[in-house]
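Using the sequences and the hints, build the whole thing.
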Amino acid sequence: MERVHEVLAFLRDDPEQQFNYLTDITAVEYRDAGRPLEVVWQLRSLGRKADLRLKVELPQAGALVVPSVFDLWKGADWLEREVYDLFGVTFTGHPDLRRLLMWETYAEGHPLRKDFPLRGHFSRAEQTRQALAANPEAHYSLEELSIAAAYDELPADMKDRLAHGERGSVI
Amino acid sequence: MSTRTIEVALSTPGLDARGNATQVPLGLPEYHPVQDDLGGEHMLINIGPQHPATHGVLRLVVELDGETVVRVVPHIGYLHSGFEKLGEYRFYNQIIPLTDRTDYLSPMANNCALALAAEKLMGVTITERCQVLRVIAFEISRIISHLVWLGTTGIDLGAYTPFLWCFYQRERLYNLQEAWTGARLTTSVSRVGGMMADVPEGWEAGLRDFIRTFPKTLDEVDAMFTRNAIWCGRTQGVGVLSAEDAINYSLSGPMLRASGVDYDVRKDRPYLGYETYDFDVPIGEHGDIYDRYRVRLEEMYQSTRILAQAVERLEQLKGAPVNVSDPRLILPPKSRAMSDMEAMIFHFKQVMEGVKAPVGEAYFGVENPKGELGYYFVSDGTAKPVRWRIRPPSLINLACLPKLCEGVLLSDVIAINASIDIVMGEIDR
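Protein chains in written order, with our numbering: chain G, 1 to 171; chain D, 172 to 600.
No lab work stands behind these hints, which were simulated from the structure alone.
There's no promise every hint is true.
[Unchecked claim] For lysine-lysine, the following DSS-like pairs were computed, each having C-alpha atoms within a straight-line distance of at most 25 Å:
id	chain 1	residue 1	chain 2	residue 2
1	D	291	G	55
2	G	49	D	438
3	D	520	D	555
4	D	505	G	114
5	G	49	D	291
6	D	505	D	256
7	D	256	G	55
8	D	291	D	438
9	G	74	D	574
10	D	527	D	505
11	D	527	G	114
12	D	291	D	574
13	D	527	D	387
14	D	555	G	114
15	D	555	G	55
16	D	387	D	555
Shown next, in the form of structure tokens:
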């Protein structure tokens with residue numbers, strides 16, 4: 001697992017490989033619960049006009065952790081954040097691994113996992129109630145608030161909500 | 172403000188043939204690096220998600236030092252609909268309506284790309300007429316998408332008139348699209364192994380009329396923008412990205428080519444017989460907003476060229492079959508399904524059980540207006556994919572926005588964001 005980064009760096013830099021373009025990073029989970037989750041890197045060599053797909057299997061029982069390739073390709077930034085968001089795979093070494101499509105305090109899990117029901121964990125009525133109860137204007141991230149140095153001036157309840165998420169904890 | 176001469180030359184011979192000036196005198200905006208000694212406090216501003224200049228529901232949090240941008244943090248996901256998850260619960264043909272709603276400025280291209288990916292997975296070879304129809308679908312979508320980009324970017328930079336010209340031409344294409352598919356936006360034009368329908372009688376004449384008159388509008392936009400001092404001042408030298416960075420950020424489409432990287436999926440990994448069409452790929456030199464504009468403008472001329480060739484082939488192939496003759500893939504005509512026992516069985520099996528794909532996986536990338544759109548299917552042998560991944564060009568292109576906005580003025584953020592040509596339906600999916 002630790003060698004993924006090494007292999008990808010070799011594929012990018014070796015003069016015979018030259019896979020200098022990262023097309024995509026994604027993950028695949030099979031319907032068969034026994035099969036491991038796969039993380040997929042699609043590489044391309046613009047010069048040689050060749051494609052390569054690299055896959056790594058992550059056992060469901062273990063921690064879903066792979067090394068980040070952000071230092072090799074800046075384009076990996078959002079792609080890794082998306083896989084983290086929707087599958088819960090952690091990319092070690094990513095400088096800013098936050099949720100991308102779901103909001104930061106989303107606490108229901110990772111939507112593209114097979115154990116996540118298509119309609120979500122809550123009923124439509126509950127989802128509506130939560131949406132109406134949320135205060136979207138307070139959704140500046142902790143990072144942004146620290147830029148503005150306004151965090152200390154916030155009311156205590158808002159600070160608490162931002163620190164812990166609206167449903168208790170930030171995953 | 173100093174006056175400098177910048178050489179603007181795209182490596183497409185077509186541009187010079189029309190006599191576009193290669194020397195453009197202009198005033199360049201001066202950039203002020205962030206100066207700590209001024210001691211001002213940094214200000215945080217929120218742009219969007221409901222803001223006309225963000226082209227949808229993009230939210231930008233901008234950290235400013237005076238009027239200079241220190242940092243931009245984009246926030247996306249306001250339009251997230253879980254299309255990839257939905258795709259895992261649908262037959263391959265049922266996914267096609269979902270693709271209408273991702274990049275909703277080029278629905279026909281998305282439809283055809285999905286059919287191509289599913290056909291690669293299933294090992295289906297489509298007919299010649301179907302290939303020509305899909306090329307037409309792709310190029311019409313490219314023109315529609317670029318026209319919207321050109322019009323709205325003009326508005327973002329204060330030019331209203333070309334917007335009306337662009338949308339008038341777009342309307343003509345929408346009418347053609349409607350005549351073919353019955354819908355203006357949710358076209359769902361392709362099917363795995365063929366098309367939803369052949370073009371109606373006399374449709375080619377409408378397309379020919381468009382091909383004949385459309386370049387005049389492009390010439391007018393060209394005359395309005397290309398040597399316009401305000402346009403050049405707002406776009407030249409702004410949002411520059413080098414070729415190395417463009418590759419490192421995985422950009423694709425006009426964004427990549429404006430930075431000087433000669434990569435077009437239609438040329439480098441041809442599909443649908445693109446290698447048999449005669450067209451040029453414009454390449455930029457400076458990687459700024461102006462080059463992105465020139466590249467997209469030229470791509471519309473080139474798309475018109477491809478359409479002219481494709482419509483000739485369509486006439487030659489008149490009457491040829493559109494769909495593959497495989498009753499397990501293509502629904503029989505309704506009249507046959509109601510009168511013929513065998514046709515009815517195939518109809519029933521397709522509707523109730525779907526078309527089973529073999530175990531395996533397939534990635535198919537096409538040159539969409541926004542960049543390389545890739546569909547990645549993983550199948551476990553059932554009629555529904557285990558995983559349907561969209562490689563969204565807009566998302567990956569937008570990810571370099573913080574890099575492009577380092578040290579520019581606030582008004583340039585709007586121009587740079589417009590130049591990326593994003594569509595939020597595809598970014599959030």
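Hint-by-hint comparison with the structure:
no.: 1; hint: 291(D) - 55(G); result: holds (20 Å)
no.: 2; hint: 49(G) - 438(D); result: holds (11 Å)
no.: 3; hint: 520(D) - 555(D); result: holds (14 Å)
no.: 4; hint: 505(D) - 114(G); result: violated (37 Å)
no.: 5; hint: 49(G) - 291(D); result: holds (19 Å)
no.: 6; hint: 505(D) - 256(D); result: violated (31 Å)
no.: 7; hint: 256(D) - 55(G); result: holds (21 Å)
no.: 8; hint: 291(D) - 438(D); result: holds (19 Å)
no.: 9; hint: 74(G) - 574(D); result: holds (10 Å)
no.: 10; hint: 527(D) - 505(D); result: holds (22 Å)
no.: 11; hint: 527(D) - 114(G); result: holds (20 Å)
no.: 12; hint: 291(D) - 574(D); result: violated (36 Å)
no.: 13; hint: 527(D) - 387(D); result: violated (48 Å)
no.: 14; hint: 555(D) - 114(G); result: holds (14 Å)
no.: 15; hint: 555(D) - 55(G); result: holds (22 Å)
no.: 16; hint: 387(D) - 555(D); result: violated (46 Å)
The earlier numbered hints that this structure contradicts are 4, 6, 12, 13, 16.
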